[in-house]
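Chemist: Residue-level listing of the chains:
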Amino acid sequence: NAGVTQTPKFQVLKTGQSMTLQCAQDMNHNSMYWYRQDPGMGLRLIYYSASEGTTDKGEVPNGYNVSRLNKREFSLRLESAAPSQTSVYFCASRFDTAYGYTFGSGTRLTVV
Amino acid sequence: AQSVTQPDIHITVSEGASLELRCNYSYGATPYLFWYVQSPGQGLQLLLKYFSGDTLVQGIKGFEAEFKRSQSSFNLRKPSVHWSDAAEYFCASMDSNYQLIWGAGTKLIIKP
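Going line by line, the protein sequences match chains Z and Y. In this text, residue positions in the first sequence follow the numbering used here: the first is 1, and each later residue adds one. In this text, residue positions in the second sequence follow the numbering used here: the first is 1001, and each later residue adds one.
Looking at chain Z on its own, in the form it has when it is part of the complex (with noise of 0.2 angstroms):
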């Protein structure tokens, strides 16, 4: 089915350890976005890609870095996991600003 797919759906850190965690959209969305969620706290922008070869920070960035590897592909890297960072992270996409994002299923990380 078409839509975003985030890879992996669990995942548990210690601290200091890195991560990637990946998000590809079938769907020639152009815009793409990483959110943290946590409780009480509604979703937060950490890095947004409005276009391939382009990426800029949200409301969250520190500790994080993205790449958009191609128009599909947008990952999210933790170079230095901290417990912070324990959140459920979403990545989204839209083809336009006239339209809604499609959010994938989520990435609930533990950092211990």
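Treat the hints with caution; some may be incorrect.
[What the hints assert, rightly or not] Partial chain Z-side listing against chain Y, Cβ under 10 angstroms, derived: (1) V4; (2) S31; (3) G42; (4) L43; (5) Y48; (6) F90; (7) T97; (8) G104; (9) S105.
[Said to hold, decoys possible] EDC-like mimics (lysine to aspartate or glutamate), calculated; alpha carbons at most 20 angstroms apart, straight line: (10) Y:K1061 x Y:E1015; (11) Y:K1107 x Y:D1008; (12) Y:K1111 x Y:D1008; (13) Z:K57 x Y:D1095; (14) Z:K9 x Z:D38; (15) Y:K1111 x Y:D1085; (16) Y:K1068 x Y:D1095; (17) Y:K1107 x Z:D38; (18) Y:K1049 x Z:D96.
Derived from the structure by calculation, the hints contain no laboratory data. Glycine included, each C-beta is placed from N, C-alpha and C at the ideal position.
Could you slot chain Y onto chain Z? The hints should help.
Modeler: What follows is chain Y alone, placed relative to chain Z:
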């Protein structure tokens, strides 16, 4: 700065009863407004959106929302809720950079 407020953290409704979830936004011009639903353990799904035109917007799953400029509101309604509507609902508006600003969410609980 733009903001979106969902005043109710939780709402409990009996199955078959009507529902109204509140959303208030702050933005000078006509905003682009969205409602999303998140079922437990899932990503967010677009219910409906308002860009312009008719202020009563129909969405999926029997939901509708009404844009009221005078009250800076975009409340979500459903005439008769089903147990499957139990979820968290997020209101969002688009800022001048075409990024979404999210409310903190309202968790809907359905009483049998």
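Chemist: For the hint on Z:Y48, just tell me whether its beta-carbon gets within less than 10 angstroms of chain Y.
Modeler: This interface hint holds because 7 angstroms falls under the 10 angstroms limit.
Chemist: Taking the closest Cβ pair, is Z:G42 under 10 angstroms from chain Y?
Modeler: Holds: closest Cβ of chain Y sits about 4 angstroms from Z:G42, inside 10 angstroms.
Chemist: Measure nothing beyond the straight line between the CA atoms of Z:K57 and Y:D1095; if it is 20 angstroms or shorter, mark the hint as holding.
Modeler: 15 angstroms, holds
Chemist: Quickly compare the C-alpha distance for Y:K1111 and Y:D1008 to 20 angstroms and report which way the hint goes.
Modeler: 17 angstroms, holds
Chemist: Given the hinted pair Y:K1107 and Z:D38, is their Cα-Cα distance within 20 angstroms?
Modeler: At roughly 14 angstroms apart (the allowed maximum being 20 angstroms), Z:D38 and Y:K1107 satisfy the hint.
Chemist: Are Z:G104 and chain Y close enough, Cβ to Cβ, to be under 10 angstroms, as the hint says?
Modeler: 5 angstroms, holds
Chemist: Just to be careful: measuring from the Cβ of Z:S105 to every Cβ in chain Y, is the smallest value less than 10 angstroms?
Modeler: Hint holds; Z:S105 Cβ to chain Y Cβ min 5 angstroms, cut 10 angstroms.
Chemist: Holds or violated: is the Cβ of Z:V4 closer than 10 angstroms to a Cβ in chain Y?
Modeler: 8 angstroms, holds
Chemist: Can Z:F90 be said to touch chain Y, with a Cβ gap under 10 angstroms?
Modeler: Holds: closest Cβ of chain Y sits about 6 angstroms from Z:F90, inside 10 angstroms.
Chemist: Take the shortest C-beta to C-beta distance between Z:L43 and chain Y; is it under 10 angstroms?
Modeler: Holds: closest Cβ of chain Y sits about 5 angstroms from Z:L43, inside 10 angstroms.
Chemist: Are Y:K1061 and Y:E1015 close enough, with their CA atoms no more than 20 angstroms apart?
Modeler: Answer holds: Y:K1061 to Y:E1015 is near 15 angstroms, not above 20 angstroms.
Chemist: Within 20 angstroms, alpha carbon to alpha carbon, are Z:K9 and Z:D38?
Modeler: Holds: Z:K9 and Z:D38 sit about 16 angstroms apart, inside 20 angstroms.
Against the hints set out earlier in the document, no violation occurs for any number.
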